[in-house]
Amino acid sequence: MVNLQKREVSPLSSTTDTPTETQRDDVRDAEIARVRAALGSSVVDSLVKPNDDMWIRVSADAWRSTGETLKSLGYTYFGFISAIDWLPSPYGRGEDDPTAPPVERSSVIKQGYAGGDTRFQVIARLVQPFTTLGINIKVDVDDSLMAIDSWSQVFAGANWHERETHEMFGIGFNGHPDLRNMYLPTDFEGHPLRKDFPLLARMVKPWPGIVDVEPLPGDDSEEEGDAS
Amino acid sequence: MSLLGDRQQLAYIAAQAADARVNVELETEGMTLNIGPQHPATHGTLRIIARLDGEQVLWADPSCGYMHRGYEKLTEVRSYPQVTALVNRIDWLGSFANEVPFILAAEKLMGVEAPSRAQHIRTILFELSRIANVTLFLGDLGVQLGAVTPVFFAFRDREYVLNLIEGATGGRFHPNFDRIGGLKDDLPAGFIDETRIVMKKLRGFCDQIEDLLFGNEIFQSRTRGIGVIPKDVALQYGLSGANLRASGVDWDLRRDQKLPLAYDKVDFKVITHPDGDSFARCWVRLQEVRESTRIVDQLLDTIPAGPIMAKVPKIIKVPEGEAWVSTENPLGEMGYYVVSQGDMGPFRVKIRSASFNNISITPWLLKGVYVPDIITILASLYFILGDIDR
Amino acid sequence: MNLATLLSADLPYWAQSLLRVLGGLVAVLLPAGTVVYLFLFKMMSFMQSRLGPMEAGPQGSMQLFAEVGKWLQKEDIYPARADKFIFKLAPLIVLASTFLLVVVVPFGPDALFTNFETGVFYALAVSSVSVLGILIAGWASANKYSLLGGLRAAGQLIAYELPMVLAVVGVVIQAGTMNLQQIVVAQNAGSMFGFSSLGNPYVITQFVGFIVFMIAVQAELTQTPFDMPIAESELVSGYMTEYSGFRFLIFFIGEFATAGVFSMIASVLFLGGWAVPFSWFGWTTIDSIDNWMNIVGPLILFSKMLAVVFFIMWVRFSYPRFREDQLQKFAWKVLIPVSLANIMVTAILKVAF
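These protein sequences, in sequence, are chains Z, W and X. To convert, count from 1 in the first sequence and add 1046; that's this note's numbering. Quick note on numbering: this note's numbering labels position 321 of the second sequence as 316, and the sequence is numbered without any gaps. To convert, count from 1 in the third sequence and add 4; that's this note's numbering.
The following block holds chain Z by itself, in its conformation from the complex (with noise of 0.2 angstroms):
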């Protein structure tokens, strides 16, 4: 027999004031309050997902600020850091035949919970430990100056996460005290994870497809008879 729970997900809504019928988190609002009112101005969005998760966005010149408060706040167990591209892939699913005129696609850039303004987003996440209460903090990187400041005086797990995410993303962090690759060779150029980096193994054989059957070696017959 089918058991399926379908559970209300509240709607992509930008602000916790509008909690539908279904489902309160009386805990996550109150913290949400707690937390917009020790940042006060910097907190540019915020999101709660009953018994799911809680996202904040700030603005990047009170990011290491905000770091610090949370700390204060109880959030003293360091989670990860590292960014979101929204740009839309030009290359999709590398699926595309490469005899074919180029597919369009579109190139709109649609962020996602608590909303964003640029296509880089650095996220991070803190927790409270016991609790597991954990809160995603986002901040807009902007276009132009590719920077924001970095956590690594804040939270020492920081560093290493932001040199991968300077590596990956090529989003400076000023203040770092290393900032150098962690995975990848010195002299390696372009920021892989970034959308419009190619995977090349796609860009040398596209994916075929779902369905990828190749006949049985003994099917000679069948074979000659639907040749693709």
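One or more of the hints may lead you astray.
To be verified - A partial selection of chain Z residues facing chain W, derived with a Cβ cut-off under 7 angstroms:
#, residue
1, L1119
2, G1120
3, F1124
4, F1126
5, I1130
6, G1140
7, T1178
8, A1202
9, A1247
Calculated from the structure, these hints are not laboratory results. Note that this is a predicted model, so its numbers are computed, not measured. A virtual CB, placed ideally from N, CA and C, is assigned to each residue, including glycine.
With the hints as your guide, set chains W and X onto chain Z.
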């Protein structure tokens, strides 16, 4: 001096000059030693560049990336079932555990919850992969420190667990068994009885290791007081799993988080240790294996009947949204931040792997220790290269 | 009939020397081979719940010959920046010290190579020659790991010379002589507290000395728990890292041959050597021993050696290794005071009784 010829005089002067140089330059410089990437001690291709003064480390700098496979880029061009197969290979010793948080994140985005039978069996396989992973750690611990015998016992007893996993999923190392909405197949006949026997054997193995290795005075003197990590430093670096609990932080994501897995139906202890040194980390992992066997026993008693897969469309398109799920994996806290834009595959997946954070503490931790202690500390922190380098 | 006179009367000098050389080779290589096969291949595998080599010959008995053949046919390579002459010399020094050591071990009442009056002194002195070989190997390999291994070896081997010497001093006091043959006779002709059917094996009265000696031997052989110089999980092979083929074979044989020869010395000093208690056969002095003892003596010594090597190897496979500073602390702060106390107690008791 006048009795020596010219050449002899020059040679004499040269010898005096050489002596003088040595006496001035007797201040020795440190030696830079490259540990790895090919090395019996590191669990894979980790390279540590250490500057030594005699046998003491002045500074140490791990250089990762020798096994970087570009997972996060690959996930952008794969569909969700394909990503599940990929993600198996991050922590290859406890493979099923890698799939679970990703599948849970995708299910969160779809708003689908697996049937309770599937959740239950997921938890059983999760704990089995934890046991498989940590038994190898216990054996390998001996080899790093010089005791060559426990590792053979560890591999012998781990074979039983791998046989169980193979019987249920078809793959010893890379099960690729989890699906959005449930599991691929149901358990085979005889699995439950066989698992009970194996769990008993593993408890015997834990007792053996405790006698052979942990009770040994040499082991204790090699690991006690080495590599002490205080609580606040551990939290700042994002250490997780047994490393965190060995520093006295009573936090376990199985108990302290509500996920669609069967942990709320079982009774288990969360083991911590106040010391925070290498011995504490090893000891906590040993006790966790014991607890895992008890968890599996309790789970085997209460498997609910029901379907193994929820009703999901054949070709899965996950709606827009972002989700984060992290679980208590064998190595620590592993989490996936999945960003979806309504496609057949994810838009961006950030893989937060436990070993990356665990090893980021080594530059701070390895200052001033002896060379053998580097090996002890790395062994007790326990990392898998696939987890660091993804 | 004295074997020595037999040898010197009927055979020319070159034939005697040839016999001695062959005897030396057998005395060194036979224990090495037995120790390697029996303990390294089979006993270690048994303890680790596996079978060990089974393919070469019945139950893998020909494995040693297969390995020797394998190493002999390998290419002779050495690092480009290694000091060639010293690099090639180092394994030979280590093996030479083993041969020098076996010269002084008595195998029977007349079956021995030399009969030094200061046999013990010579044996301990000559066993230190291998330290040179190890140090040279570490330095000349042009490899930082080997250097670390060589330096650790130097510190360790020199530190553990002292407990070995001091442990043996107790035996010398009790026997009253440094001649190894006389020590064997003293053990087997003597009596323990008036009870003569077991002779007077010094392992019972000198048990402290025996334990200290065995620990020091374990360290001299760089076996776990004292194998910091080799430390496989850190230094890959320590000072032996750059050696391959024939040169590694010499190190390998040297390690196990030295284990065998040290065990022979331990059985001579503590367990009664090649003899059984004289009271069993009614002998009184060494000249009254029958000639068949010249054949049986080596066999008895061999079996005692196997018993001692068993313990060395057993500890090797069970324990993790000490760190270098813990090693040194153990030698200087524990073993040396204990063996000094042993000497004092032995001397007092020897004078009193």
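Going through the hints against the structure:
1. L1119: With a closest approach of 14 angstroms, the L1119(Z) hint is violated.
2. G1120: Because about 11 angstroms separates G1120(Z) from the closest Cβ in chain W, which is outside the 7 angstroms limit, the hint is violated.
3. F1124: Given a least distance of 4 angstroms, the restraint on F1124(Z) holds.
4. F1126: holds, 4 angstroms
5. I1130: holds, 5 angstroms
6. G1140: With a minimum Cβ separation of about 5 angstroms from chain W (threshold 7 angstroms), the hint on G1140(Z) holds.
7. T1178: holds, 5 angstroms
8. A1202: With a closest approach of 5 angstroms, the A1202(Z) hint holds.
9. A1247: Constraint on A1247(Z) not satisfied, violated at 9 angstroms.
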